[in-house]
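Sequential numbering from 1 applies to the sequence shown in this note's numbering.
It is possible that some hints are incorrect.
Using C-beta positions, here's what the derived DEER-type ranges look like [unchecked claim]:
| hint | residue 1 | residue 2 | range |
| --- | --- | --- | --- |
| 1 | L102 | G15 | 22 to 28 angstroms |
| 2 | I44 | E137 | 40 to 46 angstroms |
| 3 | M39 | W149 | 40 to 46 angstroms |
The set of hints was computed from the structure by calculation and includes no laboratory data.
Only a predicted model underlies this, so the values are computations on that prediction, with no experimental measurement involved.
Yeah, the Cβ is synthetic: ideal placement off N, Cα and C, and Gly gets one too.
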Amino acid sequence: MKLKTLIGAGDHIMGFTLPFAIIGIIMNIIYPQFFTMNMGFLRIILGFIFLLTGVPIWLISVVQLIIYIPKNKLITTGPFAIVLHPIYSSVAILVIPGVSFLFDTWVGFGIGIILYIFSRIFSVKEDKKLNDIFSNEYQLYRSKVLLPWL
C-alpha cells in the first residue's frame, strides 16, 4: 500500500484549510464575544448528536480504506454508498461543527465550510484517479451513490 494512495487529496485539503482554522481559532481567543453561540444546554446536546453521528462515519470510512486499498478494490459500501468522500464530508459537516457546539463557538462552522469547499475542489483529482483505475466500475458506483454532491 502506498501512503499517497491512502491519503488521497487529504494533504492538499488540510494544507489549505489549516491557515483558515488557525486564524479562526486565534480570532475566537482574542474576540470570544463575537463567536459565542449562547445556546445554553442545547449546544451540548447538539454537539454530542453531531459527534456521535460523525465520528463513527469517519471511523468506518477509515477502516474501509485500510482494508480495501491494499487489495486494490473500490469501496462502494457503508458510508461510501451514501457520499463519495465520507471522510471529508463527515469531518466538515458533523465532527468539526460538533466540536464547535461543545466549545460554544461559531468558529467551527466556518472551518467546516472551508474544509468542505476545499474537499470539493481537491477531490476532483482524486475522482479522476479513481476513474482511471476503476473505469466503468467507478462510473457505475458514482451513479448509485445516494448523495454524490455531499
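Tested hints:
1. A beta carbon spacing of about 26 angstroms between L102 and G15 agrees with the range 22 to 28 angstroms that was offered as a hint.
2. Between I44 and E137 the Cβ separation comes to about 44 angstroms, which falls inside the hinted range of 40 to 46 angstroms.
3. Between M39 and W149 the C-beta distance comes to about 29 angstroms, which lies outside the given range of 40 to 46 angstroms.
Comparing the model with each earlier hint shows a violation of hint 3 alone; every other hint is respected.
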